[in-house]
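A.B. asks: Protein chains in written order, with the working numbering: chain A, 1 to 164; chain B, 1001 to 1493.
Treat the hints with care, since some could be wrong.
As the list claims (entries may be wrong) - Each pair of labels, with its calculated beta carbon distance range:
| id | chain 1 | residue 1 | chain 2 | residue 2 | range |
| --- | --- | --- | --- | --- | --- |
| 1 | B | 1184 | A | 22 | 29 to 35 Å |
| 2 | B | 1131 | A | 98 | 29 to 35 Å |
| 3 | A | 12 | B | 1199 | 47 to 53 Å |
Unchecked claim - Lysine to any residue pairs mimicking SDA-like chemistry, simulated, CA-CA at most 20 Å apart:
| id | chain 1 | residue 1 | chain 2 | residue 2 |
| --- | --- | --- | --- | --- |
| 4 | B | 1384 | A | 105 |
| 5 | B | 1384 | A | 28 |
| 6 | B | 1223 | A | 133 |
| 7 | B | 1223 | A | 156 |
| 8 | B | 1223 | A | 34 |
| 9 | B | 1384 | A | 153 |
| 10 | B | 1222 | A | 133 |
| 11 | B | 1223 | B | 1343 |
| 12 | B | 1384 | A | 134 |
| 13 | B | 1384 | A | 65 |
| 14 | B | 1222 | A | 132 |
| 15 | B | 1134 | B | 1384 |
| 16 | B | 1223 | A | 91 |
| 17 | B | 1384 | A | 129 |
| 18 | B | 1243 | B | 1254 |
Keep in mind that the hints were calculated from the coordinates and are not lab data. Every residue, glycine too, gets a C-beta built ideally from N, C-alpha and C.
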Amino acid sequence: MTDAPRSRWANPDVWLGAFWLLAALAFVLYLVPNHIDEAPMVENPMQSPRWLPSLAGWLIVALSLGLIADALTRPLSAAASETAGERSGAGRVLLMLIALGTYWLLLELLGAIATGILATLILFAAHPVRTVWLYGLAIALPWLVCLLFIHVLNVPLPSGTLWD
Amino acid sequence: MEGMQEVLALFLSVDNFVAIGVGVLIGVVVGAIPGLTATMAVALALPFTFSLEPITAILLLVGIYKGGMYGGSITAILIHTPGSPASACTLLDGYPLTQQGKAGKALQMALYSSCIADLLSNLALILFASYLAKIALNFGPPEFFWLICFSLTIIVSVAGDSAIKGLIAASLGVIVSCIGMDMVYGSQRLTFDNFNLMDRVAFIPLLIGLFAVPEVIDFYLKKAAPHVRASNTGKGLTGGELKRSLKTIVRGSLIGVIIGAIPGTGATAASFISYSDAKRRSPNRANFGKGELDGVAAAESGNNGVAGATLIPLLSLGIPGDVITAIILGAFMIHGLTPGPVLFQENLTLVYALFCGIMLSSAVLLVVGRGVIRYFSLVADIPKEILLPIVLMFCVYGSFAVNNSLFDVGLMLLFGVVGYLFNRTGFATAPFLLGFILGPMFEDNLRRTLLIGHGDPMIFFRGPITWLFIVLTVLSLFFALRRYWLDRRQAAA
């Protein structure tokens, strides 16, 4: 008797709905009034800068409640309860995060070519790519792509403040 | 007869043929690079046209435009990264086909549907320019408002397994589209006093982040698997498959032509409307989003159908339909020509020579596309551990190139994480994108309608075009919801 309700509460959509409900309420009750400036003169409330964001926010509130109700009234399907495939090791994930962080934090400092080479080498090592000559590709390709962007397509990619 | 000879004399020059060929090739290659759009390529090529003959200059730009429209689909199909916003819809079915080892089929379907749509669009330009321009001129803010409402109903059909989640994603897209300075009142909306957000969230970093970066994150969060060497490109498209999709292509092309003839609507909306229409009519609609060739055909014919049609308001009325045609308008003016009715009176020979060139561009697109596919399709065979770091590099450089801003790179990575979380929690990303695109258009036209109507709500129901779109909106919503409930009941049984 107790199994069915427990499995329904275990449906991740219930918690997903609850998350979006709270986020949407915070949005319409806090962010919209405090971070969207009201225009001084508005003929019709539908012309207000707050109208569309508020509408979208309240829509999410209603839909989140719908999502929770839907998840509670529907039994958890086998596919939904399936866990994801085999997770990778922490080192692989960490190296990926470092590579993403490299692009975000070092692009201006090191320039596009050096950052591209560094991040690509890190991602190759994260997998890891075992063929040594392929690491040469990780150096040549960012360099070639940068040249393409800068000299052919006239896109001024950062050259690196460190080298100035 | 004499006039015909004049047209041929003007058109049949080596320069024109070279311009079309080079233009299409540049367009395809630039369109295929994430972050670099056909708009950018046309703008960059404009200074090179100053010394060319007017007809050669315009054909070069038109070639880049058409090549760019198709080129975006290549990376959308192969690496889940739309090269241009208009090809965002192509990846819904194109990428699953690549994952199934049918990249060759998907690429060829994209090429053939693009060429057929382009040809039909060109024919519409030549035969019905003045009629379509007259219809398009009747589109005011209320008509646009209902057209966008109709487009919004597509969300249900691209929502994936859960319409509720799709609608939440679309609402989130609308909220993100609101970030920035309000264009009418100058109010700041959710900018948190960050000047980078004043000019709204840039579209290209959002697009790249939402579709390409989740692939990278997902790959590295899963345990490394050895690459199985097999030809992922698979067999080519058969005549039977193309024949089966022909109706979809023709319908998508017509949708593209109609949308393209209306200034300011754009190819992205056309591809989604065409996709939704194809899904509604298809007996295999359950397979849409999972690797359906008809889905690729619909999306590509929708967005390429726009290419020729956007020239309709430009040539017949002098009104540019989008940014690219605005640049082409600039090219006309640089060469001392003014598009509009006067152009047809004073430079009829040039107009017809231009039509010949535009028709030829469809054939050139087919030839160039076939050649390019052969090399690009090799991308599908590259092991992911090598391909994805390179894709990420293109994503970063492409995002940076939009505004030369590191902020956009951060934004792209942020949307990459959002896209990954969406994928993991069963939220489709396409509705988010639709909300982001259509949200500002919805708000803008609603406000303008209220302004011109002085608060009178009857302005929303002012003529046959508004009523046509109201009926289409209601019917589309009714059928989409009915189908959704039927599919759910079927799945439950």
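A.B. asks: For each hint, tell me whether it holds in the structure or not.
C.D. replies: Hints and how they fare:
1. B/1184 / A/22: 29 to 35 Å: 31 Å, holds
2. B/1131 / A/98: 29 to 35 Å: 60 Å, violated
3. A/12 / B/1199: 47 to 53 Å: 37 Å, violated
4. B/1384 / A/105: Violated: residue 1384 of chain B and residue 105 of chain A sit about 25 Å apart, past 20 Å.
5. B/1384 / A/28: Since the Cα atoms of residue 1384 of chain B and residue 28 of chain A sit roughly 42 Å apart, the hinted pair is violated (cutoff 20 Å).
6. B/1223 / A/133: 23 Å, violated
7. B/1223 / A/156: 37 Å, violated
8. B/1223 / A/34: The given pair, whose Cα atoms are some 44 Å apart, is violated under the 20 Å limit.
9. B/1384 / A/153: With Cα atoms ~27 Å apart, residue 1384 of chain B and residue 153 of chain A exceed 20 Å; violated.
10. B/1222 / A/133: 25 Å, violated
11. B/1223 / B/1343: Distance of about 63 Å is beyond 20 Å: violated.
12. B/1384 / A/134: 13 Å, holds
13. B/1384 / A/65: Violated, at about 40 Å.
14. B/1222 / A/132: Violated, at roughly 23 Å.
15. B/1134 / B/1384: Distance of about 51 Å is beyond 20 Å: violated.
16. B/1223 / A/91: 11 Å, holds
17. B/1384 / A/129: 10 Å, holds
18. B/1243 / B/1254: Judged against 20 Å, a Cα distance of about 17 Å means the pair holds.
When each numbered hint is compared with the structure, violations occur for hints 2, 3, 4, 5, 6, 7, 8, 9, 10, 11, 13, 14 and 15.
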